[in-house]
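For reference, the chains in residue letters:
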Amino acid sequence: MVKKLKFSLLVFTSLAATIFLASTSLYAASKKITITGSTTVLPIAQRAAEAYMDIHKDISISVRGGGSGVGIAALIDGRADIADASRPIKTKELKTAREKGINPYANIVAKDGIAVVVHPDNPVNVLSLEELKKIYTGEITSWKEVGGLSKPIVVISRDFASGTFEVFKKLVLGGAKVKDRALMLASNKAVATTVTTTPDAIGYIGLGYLSDNVKALKINEVMPTNETVNDDSYKLARPLFMYTNGKPKGLIKSFIDFVLSLEGQKIIEEAGFVPVK
Amino acid sequence: MKEKLFKYVTTLAALCSIIFLFGIIFSIFKEGYPIFREVGLFKFLGGKSWHPTHYPPDFGILSLIVGSIVVTIGALIVSIPLGVGSAIYIAELAHPRIKEILKPLVELLAGVPSVIYGLFGMAFLSPFIRELFDIPTGLNALTASIILGIMVVPIISSISEDAITSVPKDIREASYALGANKWETIIRVVLPSAKSGVIAGVVLGFGRAIGETMVVLMVSGGAAIIPKTILEPVRPMTSAIAAEMGETIMGSSHLHALFGIAIVLFIITLVLNMTTELVIKKRMTK
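The listed protein sequences correspond, in order, to chains V and L.
Using this note's numbering, the final residue of the first sequence is 277, and nothing's skipped along the way.
Using this note's numbering, the final residue of the second sequence is 286, and nothing's skipped along the way.
Note that these hints are calculated values from the structure, not bench results.
Warning: the hint list may mix true and false statements.
[Said to hold, decoys possible] Straight-line Cα separation of at most 30 Å, DSSO-like style, residue types lysine-lysine; simulated pairs:
#1 V/K177 - L/K228
#2 V/K90 - L/K228
#3 L/K228 - V/K144
#4 L/K43 - V/K177
#5 L/K228 - V/K100
#6 V/K179 - L/K48
#7 V/K179 - L/K43
#8 L/K30 - V/K100
#9 L/K30 - V/K133
#10 L/K182 - V/K92
#11 L/K281 - V/K100
#12 L/K48 - V/K134
#13 L/K169 - V/K170
#14 V/K177 - L/K48
#15 V/K133 - L/K282
#16 V/K170 - L/K182
#17 V/K215 - V/K90
#18 V/K95 - L/K228
#19 V/K133 - L/K48
#20 L/K30 - V/K189
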C-alpha cells in the first residue's frame, strides 16, 4: 500500500513538475531563439549559439538538428525562428510558406566543400568530374579504368534525402541516377569511417570531416581547400543557409550578425567549414 | 479514497497508451495512404527501384522489404541457437553461482544502446567480415544479421529461460523415472513443454530485429538492391525511413512513401504477432 502511494505521489510530482517547467519556458519565450534544421549546419549553429549566449546571458538559444526539410517545415509552422539548411528552399516549400504568410529569407552563413575521398593507400590522386559521374552511375566499376589498381570500386554515397547527396547529385550526377549497388550511408562520419576501413572505397564528405585517415582527391586538378572553395575554382561546394522569416530583425538579426562577424566566421572555420566573409 | 484515486490514475495511464497506439496508427495511415493512390499498391510493393529523390522518382519498395526480411531471418538464425542454448544452460545445467552471474550478464546485453552495437559493427565487425570473406565491403546483410542476432539473444534467452524454469518438476522427475538421462529429458520433455514460451521469445526477437533501426542504418550498407547472397548490402525498411525522413520535404510523395513503408512494417509485425498469439492459444487449449 505504501509502495503504491509512493508511486502515485511520484506520478503526481512528475506531472506537476512537467506543467511547471512547460509554463516557465512559455514565460521566458520572449528572450528565446529556436533553431532547427540541417545536421550539416548543426555544429555551426551549436557553437555559435554557445558563444553568443556567453556574451548575452539573458538570451537562451535552443538548437536542434533533424534535417533541412524538418527545419524549413518548422520555420513555416512558426515552431522555429531560424531554419538551418544545407540546400536552398524548394519551390514547393516556398509556396506553402507564402500560403501561411511566412517569407523565408536566405542568409548564407558559410560554404561547405564536398571532398571526394578514398583510402590513403589508394594510388589514385585525381579524378575528372566526368570520371566521378561514371563511377557513381556505374559505368566505371574498376579502379583500373581511372589509373588505379585492378580492383572493384566500392561506391559510397550519402542517403537519398540528405542535403549533401542532393548537392552531389546536382553537381556531379547531373540528373543521372546513382547506381543501385552504391552503399547509402547516413552521415559524413559514417562515410569517413567506412572509407577508412575499406581499401577500395570512394566516398564524399564535407570538407570539415577530412582527416589523415582518408585521402581527398583533386577534382579536375583542383584540391578542395578553403581557398579553392571560396574562389569557386573547386566545383563541389555549396552554400549553407540559415533561413529566417523575412529579413532578420531584432534578436534574430543580432544572432545572424554574430554568425557573420569575424568571431562567428572563426567558429565556422573551427567547425570545419569555409567562412564566407 | 486513496485506493480509488490510484485506480483512476492507473486507468488513465492504460487509456493513454491505447490513445497513443490508435493515434500512431491513424497518423501513419493518414500520411501513408496517398502513396498507394499515387503509385499504386502493386507498383509500390513490387517495384524494385527505389530512387525517391530522383526526377521522376521511383517508389518501389520490394528491395527494402526483402532487405528487412533477410537481416531479420539472419538475426534469428544467429540468435535462436544462442538464445535457447543459453536459456537451457542457465535454467537446467549451470551451477547456481554461475547462474547468478550469467543471467544478469545476458540481460545486460539487452541494455546496451543500439548505437553502440552499431558502432561495434561498423568499426570492428564489418572490416573483419570484409577480410574474412575477401569481399569489397563488410557493410552487408551478414554483418547486420550478426549484430542484430546478438541484440536479440537476451530477449530469446530470458523469455525461454523463464518458460523452461516454469516447467513443473514432476514432469522432469517422471522423465527420469522412465530412464531418460538429463540430455534426453531436456530435449524431449522440458523444451516441448516450454515451447510456447520459447516461441513467444522468438516472436519478440523477430519484432525487435525487424524494427531495429540504428544498427541496420549503420552496418547494412544501405544499397536498395535485392541481394543475391548474404554478403551483399541491403537497405532494410527501417533504415530507409530513418535516413530519409529528416531531410525530406513535408507533404511530398517521398514523405508519403516513407509512411507507406511504415504501414507495411506495421502490418508485418501485427500479422506475425497475431498469428503466433493464436497459435500459442490454440496449443494451450488443446
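Here is what the structure says about each hint:
1. Distance check on the hinted pair: V/K177 and L/K228 sit about 22 Å apart at the alpha-carbon level, within 30 Å; holds.
2. For the hint pairing V/K90 with L/K228, the CA-to-CA distance comes to about 38 Å; that exceeds 30 Å, so the pair is violated.
3. Taking the CA atoms of L/K228 and V/K144, the gap is about 25 Å. The hint holds against a cut of 30 Å.
4. Proximity of L/K43 to V/K177 is assessed by CA-CA distance (about 19 Å); at most 30 Å being required, the pair is judged to hold.
5. For the hint pairing L/K228 with V/K100, the CA-to-CA distance comes to about 49 Å; that exceeds 30 Å, so the pair is violated.
6. Note on V/K179 and L/K48: the hinted pairing holds, with a Cα-Cα distance of about 13 Å set against a maximum of 30 Å.
7. A C-alpha spacing of about 20 Å is found between V/K179 and L/K43, which places the hinted pair at or below 30 Å, so the restraint holds.
8. A threshold of 30 Å between alpha carbons decides the hint, and for L/K30 with V/K100 the separation of about 22 Å falls inside it, so the pair holds.
9. About 39 Å separates the Cα atoms of L/K30 and V/K133, which puts this hinted pair outside 30 Å; it is violated.
10. With a C-alpha separation of about 70 Å, the suggested pairing of L/K182 with V/K92 is violated against the 30 Å cut-off.
11. Under the criterion of a C-alpha separation no larger than 30 Å, the hint pairing L/K281 with V/K100 is inconsistent with the structure, at around 54 Å.
12. Of the pairs offered as hints, the one joining L/K48 and V/K134 holds, with about 22 Å between alpha carbons and a cut-off of 30 Å not exceeded.
13. Proposed proximity of L/K169 and V/K170 is contradicted: the alpha carbons are some 69 Å apart, above 30 Å.
14. Pair hint V/K177 plus L/K48 holds up; C-alpha atoms about 14 Å apart against a cutoff of 30 Å.
15. In summary, the hint linking V/K133 to L/K282 is not supported, as the alpha carbons are separated by about 58 Å, beyond the 30 Å threshold.
16. With a CA separation close to 67 Å, the supplied pair V/K170 and L/K182 exceeds the 30 Å bound.
17. Only pairs whose Cα atoms come within 30 Å are accepted, and V/K215 paired with V/K90 is rejected, the gap being roughly 33 Å.
18. At most 30 Å may separate the alpha-carbon atoms for a hinted pair to count; V/K95 and L/K228 exceed this at roughly 44 Å.
19. The straight-line distance between the Cα atoms of V/K133 and L/K48 is roughly 23 Å, inside the 30 Å bound, and the hint therefore holds.
20. At most 30 Å may separate the alpha-carbon atoms for a hinted pair to count; L/K30 and V/K189 exceed this at roughly 35 Å.
Hint compliance for this structure: hints 2, 5, 9, 10, 11, 13, 15, 16, 17, 18, 20 are broken, all remaining hints hold.
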